[in-house]
Amino acid sequence: MSRPLTSEADLVERARGGDGAAYDELVRAHQDIAFRTAWLVSGSAADAEDAAQEAFVKAWRALGRFRQGAPFRPWLLAIVANEARNRRRSAGRREALVLRAAAERRPPDGAASPPEAAVLRAERRDVLLAALERLSDDDRAILGCRHLLGLGEEETAAALGLRRGTVKSRTSRALDRLRAELGEAP
Amino acid sequence: MSDLVRELELLSAEVDWPATPAFAPRATKGTVPSVARRRRLVVAIVLGVLALGAGALAATGVIHFGGATIKRVDTLPPVDRAPRLALGTPIRAVEARRILAYRLPPRLSDPDAIYTRDGSLNFLYLEHGRPRAVLTVFREGSAFLDKLVHTTTKIRRVRVQGAPGLYVPDVHVVDFLYGGDPRLSQPTLLWTKGGLTYRLEAKDALGLASSG
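In order, the protein sequences belong to chains F and W. Under this note's numbering, the very last position in the first sequence is 186; numbers go up by exactly one each time. Under this note's numbering, the very last position in the second sequence is 212; numbers go up by exactly one each time.
These are calculated hints, taken from the structure and not from any lab test. Backbone N, C-alpha and C define an ideal beta-carbon position, used for all residues, glycine too. Please note that a few of the clues may not be correct.
[Stated by the list, open to error] Calculated cross-link-like contacts (lysine to aspartate or glutamate; reagent style EDC-like; alpha-carbon spacing at most 20 Å): (1) F:K168 to W:D3; (2) W:K71 to W:E7; (3) W:K71 to F:D50; (4) F:K168 to F:D139; (5) W:K154 to W:E201; (6) W:K193 to W:D170; (7) F:K168 to W:E7; (8) W:K203 to W:D112; (9) F:K168 to F:E154; (10) W:K71 to W:E201; (11) F:K168 to W:E9; (12) F:K168 to F:D137; (13) W:K203 to W:E127; (14) W:K71 to F:E49; (15) W:K71 to W:D3.
[Stated by the list, open to error] A short, non-exhaustive set of chain F residues, derived as facing chain W with CB atoms under 8 Å: (16) F72; (17) V98; (18) L129; (19) G150; (20) G161; (21) R173; (22) R179.
[As the list claims (entries may be wrong)] If you want the ones that stay clear, here's a sample from chain F, every Cβ over 12 Å from chain W, calculated: (23) A9; (24) S44; (25) R134; (26) E154; (27) R164; (28) G165.
Just need the whole structure built from these sequences, with the hints factored in.
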């Protein structure tokens, strides 16, 4: 008989009861999104690693305060982003978004050469990424959370310390500014 | 969904995100899986802290004290310099006593207002209509707040009403784990008594908490 999948709520409850293995599993499930959120907020991989590590320890210590039945990821991301904001460097260069190397984006061996349309899309992505980089830190962070990381409005609000309504309006304005950077009509 | 949003979502797969480090083993290493073990650890840490002299406290990187974690940083992070005090829901003293069995120092026995938040109590003291001091009381042993203090701040070991305490004499950053954004804090006195941790934030915290 197959073992039933363990739901996140089950893992959270087990972790709240002191089950370290359950907490490890929660961390593994969310470490990518946590680290990338921290990176978007702090602008540094080293700071993001410190922030996420510290946040995981804090969250573990504070699980007793976690509201039963609440979604775990927004709660965790709020702690992660808080740690990342504490480490955000006021001076120093923020690490830029870059595309993966072209070799990594080539189709696998044996696949057809990318059609011209795909090449054009790649060129468009370079332009889009450059335009994102020209935005302010706040605009880039909100578009990064919402559309690169795919966080929901509530999670973005938790991660960036904003109200949900503010996330909606700021996302809209950031998209307008991105269109302007691209030379497109709003 | 607009074309631009769709393009951004496609772009995500092309971004060279920094490789995610392996966190899980380190995240749980050294932490404590049960309330009982956590309490024993806190007691051990507090005893360890008390065994250090004042000079040693000043040199220690991280100090744990009754649910507060104090970290030293070269530069305090940028925070709102005029934040709103997130004190919680106003309650009466009789309700506060049902939440925690606290004992206030004589000079702090008559707060202007009492609030509760997340199982903790906040006592507000006013002077000319403005906050003069805030005393927060919470259960010892649960992670409750972080403090970021400058490396030059000399944290002092003190006694408050006969109980062990720490005094942070300079402005620093306080981060209540579930109470809004980090904010600047005035000098702060921490002490533990009767299973509770007391955190008094005031320019004259030592004087207010004294027995006289």
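Here's how the hints hold up against the structure:
1. For a cut-off of 20 Å, the pair hint linking K168 (chain F) to D3 (chain W) stands: about 18 Å separates their Cα positions.
2. For the hint linking K71 (chain W) to E7 (chain W), the alpha-carbon distance of about 42 Å lies beyond 20 Å, and the restraint is violated.
3. Taken as a hint, the K71 (chain W) and D50 (chain F) pair is honoured in the structure, with Cα atoms around 14 Å apart against an allowance of 20 Å.
4. At most 20 Å may separate the alpha-carbon atoms for a hinted pair to count; K168 (chain F) and D139 (chain F) meet this at roughly 12 Å.
5. As the CA atoms of K154 (chain W) and E201 (chain W) are separated by approximately 16 Å, the hinted pair is consistent with the 20 Å bound.
6. Annotation: proposed proximity of K193 (chain W) to D170 (chain W) is violated, straight-line Cα distance about 24 Å (limit 20 Å).
7. Taken as a hint, the K168 (chain F) and E7 (chain W) pair is honoured in the structure, with Cα atoms around 19 Å apart against an allowance of 20 Å.
8. Restraint check: the Cα-Cα separation between K203 (chain W) and D112 (chain W) comes to about 18 Å, which is no more than 20 Å; the hinted pair holds.
9. Note on K168 (chain F) and E154 (chain F): the hinted pairing holds, with a Cα-Cα distance of about 10 Å set against a maximum of 20 Å.
10. Distance check on the hinted pair: K71 (chain W) and E201 (chain W) sit about 17 Å apart at the alpha-carbon level, within 20 Å; holds.
11. A hinted pair counts as satisfied when its Cα atoms are at most 20 Å apart, and K168 (chain F) with E9 (chain W) qualifies at roughly 17 Å.
12. Note on K168 (chain F) and D137 (chain F): the hinted pairing holds, with a Cα-Cα distance of about 17 Å set against a maximum of 20 Å.
13. Only pairs whose Cα atoms come within 20 Å are accepted, and K203 (chain W) paired with E127 (chain W) is accepted, the gap being roughly 12 Å.
14. Distance restraint check for K71 (chain W) and E49 (chain F): the Cα-Cα separation of roughly 17 Å lies within the 20 Å cut-off, and the hinted pair is therefore satisfied.
15. Note on K71 (chain W) and D3 (chain W): the hinted pairing is violated, with a Cα-Cα distance of about 46 Å set against a maximum of 20 Å.
16. Annotation: interface hint on F72 (chain F) violated; nearest CB of chain W at approximately 14 Å, more than 8 Å.
17. At about 5 Å, the closest approach between the beta carbon of V98 (chain F) and any beta carbon in chain W falls short of 8 Å, and the interface hint on this residue holds.
18. Checking L129 (chain F) against chain W by beta carbon gives a least distance of about 7 Å; that is within 8 Å, so the hint holds.
19. With its C-beta approaching chain W no nearer than about 7 Å, G150 (chain F) sits inside the 8 Å limit, and its interface hint holds.
20. For G161 (chain F), the suggested interface contact is upheld, since its CB lies about 6 Å from the closest CB of chain W, less than 8 Å.
21. Of the supplied interface hints, the one on R173 (chain F) is violated, with its beta-carbon coming no nearer than about 13 Å to a beta-carbon of chain W, more than 8 Å.
22. The criterion of a C-beta within 8 Å of any C-beta in chain W is met by R179 (chain F), whose closest approach is roughly 6 Å, and the hint holds.
23. Remark: the non-interface label on A9 (chain F) is consistent with the geometry, its nearest Cβ contact in chain W lying 19 Å away (cut-off 12 Å).
24. Against the 12 Å criterion, S44 (chain F) falls within the reach of chain W, whose nearest CB is about 9 Å from its own CB.
25. The non-interface label for R134 (chain F) is consistent with chain W: the shortest C-beta to C-beta separation is roughly 15 Å, beyond 12 Å.
26. At the 12 Å boundary, the C-beta of E154 (chain F) stays outside the reach of chain W, the nearest C-beta of that chain being 16 Å off.
27. Every C-beta of chain W lies more than 12 Å from that of R164 (chain F), the closest at about 16 Å, which supports listing it as non-interface.
28. At the 12 Å boundary, the C-beta of G165 (chain F) stays outside the reach of chain W, the nearest C-beta of that chain being 17 Å off.
Consistency with the previously given hints fails for numbers 2, 6, 15, 16, 21, 24, ordered from lowest to highest.
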